[in-house]
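Engineer: In case you want the letters, here they are:
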Amino acid sequence: MSELGNIIEDMIQRLLVDSVDHTLLERSEGGGWEGDLWSKLEENGLPIMLAEPKEKGGEFGWREAYLVAMAAGRHALPLPLPEAIAAGWLLALSGIVAPEGRLGLAAGDGLVVEGDTAHGRLPRVAWGRHLTHVVATTCDQVVLIPVEGCAVVPGDNLAGEPRDDLVFDGVEVLSAPCPPGFGTETSRQLGALLRSAQMAGAIATLLERSLAYAGERQQFGKLIGGFQAVQHMMAVLAEESAAAAMAAEQAFAALDLGRDKDFAIAAAKVRTGEAAGRAASIAHQVLGAMGFAREHPLHFASRRLWSWRAEFGSEAEWAERIADMVIPMGGDGLWAFVTAAQADPM
Amino acid sequence: MNFRFEPLSLPPEAENLRCEVREFLTEALRGMPVERRADTWTGFDATFSKALGARGWIGMTWPKQFGGGERSALERYVMLEEVLAAGAPVAAHWFADRQSGPLLLRYGTEEQRRELLPGMAKGEVYFAVGMSEPNVGSDVASVRSRAKPADGGWVLNGAKIWSTFAHLSHYMIALVRTSGEAKDRHAGLSQVLIDLSAPGVTVRPITDITGGEHFNEVIFEDVRLPASAVIGREGDGWNQVMAELAYERSGPERYLSSLQALIQMVTVAAEGHGGDRLRVAIGKAMAHVAVLRQMSLSIAGQLQAGHAPNLEASLVKDLGTSFEQSLPEMLHDVLGLEPSLSGGDAERVHANLLQLAPCFSLRGGTREILRGIIARGLGLR
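Those protein sequence lines, which keep their order, are chains A and B.
Just so you know, our numbering puts 22 at position 8 of the first sequence, and the rest follows in order with no gaps.
Just so you know, our numbering puts 232 at position 222 of the second sequence, and the rest follows in order with no gaps.
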């Protein structure tokens with residue numbers, strides 16, 4: 015990993031490892047805002063880490079953002095930090111000055127912009143009730159929507175993370191033309207990208223907790239990690255963890271390197287989503303009834319995974335998009351499609 | 011966690027080579043039936059191997075003085091993935107290029123290198139690998155073939171089994187006992203070079219479930235070997251074998267074996283058949299290809315940098331072979347084709363891959379062996 019990557023990883027681990035504990039996680043499921051923790055993240059500049067993107071001379075790129083989103087998933091950070099990073103990036107690229115406050119990200123397919131005003135519905139916005147602004151894309155614009163002009167229909171996901179619908183009619187917005195290659199799909203795509211890294215992080219936690227448990231729990235006079243049946247399950251869990259991390263990281267890297275982001279992100283969401291289900295199932299099997307008890311922290315990862323794999327589009331949905339990319343190339347063009355999509359532009 | 015996969019960017023010279031290889035393959039494989047393309051690295055064709063060798067694409071990374079091309083490992087990677095994705099018949103030179111050549115370069119005598127490597131690089135001299143024995147499968151450390159010192163050389167007795175294309179190869183590099191007893195396990199094993207035309211060597215092809223003759227039983231009866239037949243350090247063969255494994259387990263051949271099944275699925279979809287289930291299946295399989303390729307490339311980058319990512323390689327092989335095996339199942343699931351070697355393209359590919367697939371998770375270390383290695387890497391054993 016790059017030196018910059020090491021610095022970012024150390025920073026985010028240090029911020030999250032002690033503060034995101036069992037008490038905070040249980041409390042956050044009431045839908046509140048963890049203001050102290052958010053302030054710490056802000057003090058370290060994390061929500062705005064891509065507000066001056068590499069393209070415009072900034073220090074950090076998506077590779078570093080991957081490490082942050084992955085750590086957020088690893089620690090089940092109950093705050094929309096990944097969303098704020100992506101929203102800040104979209105604003106910066108389109109030249110909209112980021113407002114003071116808490117930025118979120120939404121899929122833009124329910125958004126209609128006419129002149130300076132917008133109407134529509136942004137579905138299941140992470141921590142929507144606590145945000146000041148939300149960023150979404152339409153077919154040709156990046157749009158900044160103030161939440162105070164929206165009606166909030168509260169909701170949440172399986173892990174008690176707020177997922178609120180924002181409904182608005184005639185709210186005044188700021189907008190700017192999309193950069194080339196962006197469109198209606200973009201904000202949803204970025205959401206999928208973030209969830210892929212968060213899933214990779216949560217799966218790494220499942221692996222860590224399962225390993226720890228298999229190395230301390232004794233049955234039939236020996237550690238359960240000594241049983242071949244358990245060892246082989248753990249091997250599969252490690253494989254899924256490695257594949258999920260690679261899937262997510264290659265997609266973040268694709269954005270930095272200028273590779274085909276559409277294929278990279280779709281592949282990331284499909285593969286991490288698949289890994290999520292398999293990994294959760296294995297971790298719960300290894301931890302037995304203990305992992306099924308609310309007092310054990312395993313569920314902070316597994317319940318998030320079961321939600322995140324469906325957020326911003328499930329595996330089947332993103333798989334269909336990949337099919338739309340490759341089928342026109344025909345069977346004979348399949349391999350050339352893969353190598354071209356994953357090549358750095360010369 | 012104690013494994014990591016960094017995304018790798020291929021250097022421009024590797025991407026440039028890709029175009030050259032593709033052009034060559036289009037010509038060389040014109041008219042090749044799809045079910046033969048599905049043989050991938052079990053297809054044996056000396057003419058193709060010689061043509062590939064003539065282009066300098068065997069032993070690409072070896073020194074020029076031994077017939078190599080002194081290209082980078084990443085250029086070789088690109089050549090390999092192109093050749094495998096196209097379904098080219100690479101088996102004749104496969105083991106020489108992947109294992110035997112690098113082994114001789116590292117441990118062989120100057121004479122062995124001069125005598126053998128140029129022919130290997132030309133695609134004319136073929137090698138087989140001797141690991142398993144009758145009654146010795148995954149438990150390779152308990153091999154019983156034995157070379158005893160005699161007259162300044164060795165005399166070999168025993169047998170090897172499942173040696174791919176030994177009946178068409180010129181040499182074998184086998185793991186045999188040169189000292190100690192079976193109870194010494196890994197100690198006392200050596201890698202020895204055997205001329206398969208030597209007196210006392212009998213090669214008996216074994217028909218596999220496809221009806222093909224890919225592998226063999228090779229019997230050694232008082233086969234006389236020169237002192238130089240022991241490659242590397244006498245008694246250190248096990249460690250030498252282990253050191254090669256990252257190369258063998260993470261290459262593109264560990265996830266591309268069934269690519270022809272996916273190509274057929276896309277062809278069917280492109281003709282407007284199959285519906286949404288086929289489209290979802292294609293998209294999911296493509297996501298796997300995308301990720302496995304990045305993992306495999308990442309390991310190639312680590313190897314190039316001089317690391318030995320053995321745990322990572324085992325992870326990739328188990329993931330890759332599971333994926334390869336899932337493709338014919340997927341083809342059955344979404345298209346419901348009856349596998350038939352006398353049917354259309356998809357049916358023929360399906361028929362061939364269904365029968366080949368069981369060996370994907372056997373060759374080069376079974377799934378169970380790999381999972382054991384991974385568990386050890388995780389600290390569970």
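FYI, nobody ran anything at the bench for these hints, they're computed from the structure.
There's no promise every hint is true.
[To be verified] Here are the in silico distance ranges between beta carbons for each label pair:
| # | chain 1 | residue 1 | chain 2 | residue 2 | range |
| --- | --- | --- | --- | --- | --- |
| 1 | A | 181 | B | 281 | 40 to 48 Å |
| 2 | B | 21 | A | 154 | 49 to 57 Å |
| 3 | A | 35 | B | 368 | 47 to 55 Å |
| 4 | B | 348 | A | 167 | 51 to 59 Å |
| 5 | B | 315 | A | 360 | 17 to 25 Å |
| 6 | B | 315 | A | 59 | 28 to 36 Å |
| 7 | B | 315 | A | 347 | 26 to 34 Å |
| 8 | B | 14 | A | 172 | 27 to 35 Å |
| 9 | A | 17 | B | 207 | 54 to 62 Å |
| 10 | A | 291 | B | 14 | 20 to 28 Å |
| 11 | A | 194 | B | 281 | 55 to 63 Å |
| 12 | B | 283 | A | 360 | 35 to 43 Å |
| 13 | B | 353 | A | 347 | 50 to 58 Å |
| 14 | A | 339 | B | 120 | 37 to 45 Å |
[Unchecked claim] Examples of chain B residues toward chain A, derived with CB under 10 Å:
| # | residue |
| --- | --- |
| 15 | 211 |
| 16 | 291 |
| 17 | 325 |
| 18 | 372 |
| 19 | 383 |
Even glycine gets a Cβ: it sits at the ideal position worked out from N, Cα and C.
Engineer: Now tell me, hint by hint, if it's right for this structure.
Structural biologist: Hint-by-hint comparison with the structure:
1. Distance hint for residue 181 (chain A) and residue 281 (chain B): a CB-CB separation of about 44 Å, consistent with the stated range 40 to 48 Å.
2. Hint check: residue 21 (chain B) to residue 154 (chain A), Cβ distance near 37 Å, so the stated range 49 to 57 Å is violated.
3. Roughly 49 Å separates the CB atoms of residue 35 (chain A) and residue 368 (chain B), a value that falls within the hinted 47 to 55 Å.
4. The hint said 51 to 59 Å for the Cβ distance between residue 348 (chain B) and residue 167 (chain A), and at roughly 52 Å that hint holds.
5. In this structure, residue 315 (chain B) and residue 360 (chain A) meet the distance hint of 17 to 25 Å, their C-beta atoms being roughly 23 Å apart.
6. The beta-carbon spacing between residue 315 (chain B) and residue 59 (chain A), approximately 32 Å, falls within the hinted interval of 28 to 36 Å.
7. Taking 26 to 34 Å as the suggested C-beta distance range, the pair residue 315 (chain B) and residue 347 (chain A) conforms, at roughly 33 Å.
8. A hinted range of 27 to 35 Å for the beta carbons of residue 14 (chain B) and residue 172 (chain A) is consistent with their spacing of about 30 Å.
9. The hint said 54 to 62 Å for the Cβ distance between residue 17 (chain A) and residue 207 (chain B), and at roughly 57 Å that hint holds.
10. In this structure the supplied range 20 to 28 Å holds for residue 291 (chain A) paired with residue 14 (chain B), their Cβ-Cβ distance being about 24 Å.
11. Separation of residue 194 (chain A) from residue 281 (chain B) is about 33 Å and departs from the stated range, judged on CB atoms against 55 to 63 Å.
12. At about 37 Å, the beta-carbon gap between residue 283 (chain B) and residue 360 (chain A) stays in the expected band of 35 to 43 Å.
13. About 24 Å separates the C-beta atoms of residue 353 (chain B) and residue 347 (chain A), a value inconsistent with the hinted range of 50 to 58 Å.
14. Checking the proposed 37 to 45 Å range against residue 339 (chain A) and residue 120 (chain B) shows it is violated: the Cβ atoms sit about 53 Å from each other.
15. The beta carbon of residue 211 (chain B) comes no nearer than 38 Å to any beta carbon in chain A, farther than 10 Å, and the hint placing it at the interface is violated.
16. Interface restraint check: residue 291 (chain B) against chain A, minimum CB-CB distance 8 Å, threshold 10 Å, status holds.
17. Taking 10 Å as the C-beta contact cut-off toward chain A, the hint placing residue 325 (chain B) at the interface holds, the least distance being around 5 Å.
18. Hint status for residue 372 (chain B): violated, given a least beta-carbon distance of 16 Å to chain A, over 10 Å.
19. For residue 383 (chain B), the interface hint holds, the least distance from its beta-carbon to any beta-carbon of chain A being 8 Å, beneath 10 Å.
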